[in-house]
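Trainee: Each chain is listed here by its residues.
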Amino acid sequence: MGEFVMPSLGADMEAGILVEWLKLPGATVKRGDIVAVVETDKGAIEVEIFEDAIIERLLVDVGTKVPVGTPLASLRTIGQTGSVGPVAAAPPRTAAKEQATPLPPPSATIMRPAARPPGMPAAGDATRQRASPAARRIALERGVDLSSVIGSGPGGAVISIDVEKAAGAAKPRTAERGPDLAAMRRAIGAAMARSKREIPHYYLSRTIDLTKATAWLESANAARAPADRLLLQVLTLRAVALALRGRPGFNGFHTAAGFQPSERIHIGTAVAIRGGGLVAPAIHDVDRLTLDELMGRLRDLVARVRAGTLRSSELADPTVTVSSLGERGADALFGIIYPPQVAILGFGAPALRPWIVGSAIEPRTIMTASLAADHRVTDGHAGSLLLADLDRLLQQPAQL
Amino acid sequence: MKRDDIRQLLLEELGNLAPEADLGTVPPDADLREALDLDSMDFLNLVMALHKRLAIDIPERDYAELRTIDGAIKYLAARAKD
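So the sequences go chain by chain: A and B.
Oh and the first sequence: position 244 is 334 in our numbering, straight run, nothing missing.
Oh and the second sequence: position 60 is 62 in our numbering, straight run, nothing missing.
If we strip away everything but chain A, and leave its shape as in the complex, we get (with noise of 0.2 Å):
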């Protein structure tokens, strides 16, 4: 048996409300399939699945708020025999409780590893009408005959809305897509101040001349069309990538257990939400993507970062955090380290600086790199050289 629980999006996430079940009992998922949308002080994030298994139960209603770790719906994984039964029937949650969750063990465990017995075919659908158990709990309340609602769920599903406009009832729950910016705030500011309180952060800066990448970027911008154009910002996530995996002690998770460092390199990349507010979610092994899928990547990202429709995974395991302040920010950004992580790179806007080049000034591209890292961890030292490795990489933009 296995479960699929509220997932931490992040150290700042206590809660989360169940908004949507887009899988229903019986289903067959496959790893990376969304399977709920979950609202947080992020917007609504579309929670993924990270197994292969059949859906056995749904043990959350929607609508209800529950702490992160609770589980959602009980699985079967594919290939598991088992009690075909419910084998113990928790009922559906209904309260939320309040209370301090203690950070999540850094891969934040979103589906606990299921035992594998010997196998057994998923079973099939019933031939009764599919609802929801809120659906079925909503109708009974209600007194609406299931058979004669029409099903906007998967696979033409009665989900708990379907009911509520069947019987008239005129207070659908709809998920508000876009985060809740009061609530964002409170969010940063509770995993700031508990960063700040905990980490003994150390800062460094580098400047960084960027005349070369830039003009690599232009010459090969170009030949392109707008669709295929690179941003600078692609550039530097790369550098940070490459750099830091020669650096494992600034990629990975400070827990209880101390620290571990990540051989995936998944960057939390800031993005500004229109109105307020800022996410980081995870651009996955960008050590292993090409500039074109990074910038990808970034687009997609962005677009979904502007539209409120984040992913679970992007929001729960960025391993380090860079953030770019643009062409037309401030000079330097010194950040804030997002526990667990460990490290926050900032990038300040380039700028045409004078600057020394031989024993000539010339005009360059100029830009501010800064590191806050956590002392726990690492010191000035082993930071100095990560950000002189990253010097280094930008200084030759075409091997990135």
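Bear in mind the hints are in silico, worked out from the structure with no lab data behind them.
Check the hints yourself; a few may be wrong.
[Unchecked claim] With the C-beta cut set under 10 Å, the calculated list includes, among others, these residues of chain A facing chain B: (1) L307; (2) N311; (3) A312; (4) A315; (5) L321; (6) Q323; (7) R364; (8) R387; (9) L388; (10) R389; (11) A393; (12) E417.
Being a predicted model, the structure only gives us computed values, none of them experimental.
By construction, the Cβ of each residue, glycine as well, lies at the ideal position given by its N, Cα and C atoms.
Starting from the structure of chain A, add chain B where the hints point.
Mentor: Frame of chain A, contents of chain B only:
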């Protein structure tokens, strides 16, 4: 294509990028990046949309000419086909 049509098309695309903005209040000579809080991804999306709708080439070195409403209309009107 008439300047008025180009103006309308430009305002439409800017509205897509900054849906909350009242474009009528943006001075025609204001830097759009400041006035509408556009970042480099927004600006690239604007160029992509204009390129697609008007079928004109907008090389990166010309971006500076698109930074105000007046400048963009002038630039686009000179290149758009009838």
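Trainee: Look at each hint and say if it fits the structure.
Mentor: Each hint, compared with the structure:
no., hint, result
1, L307, "holds, 9 Å"
2, N311, "holds, 5 Å"
3, A312, "holds, 6 Å"
4, A315, "holds, 7 Å"
5, L321, "holds, 5 Å"
6, Q323, "holds, 7 Å"
7, R364, "holds, 6 Å"
8, R387, "violated, 12 Å"
9, L388, "holds, 7 Å"
10, R389, "holds, 7 Å"
11, A393, "holds, 8 Å"
12, E417, "holds, 6 Å"
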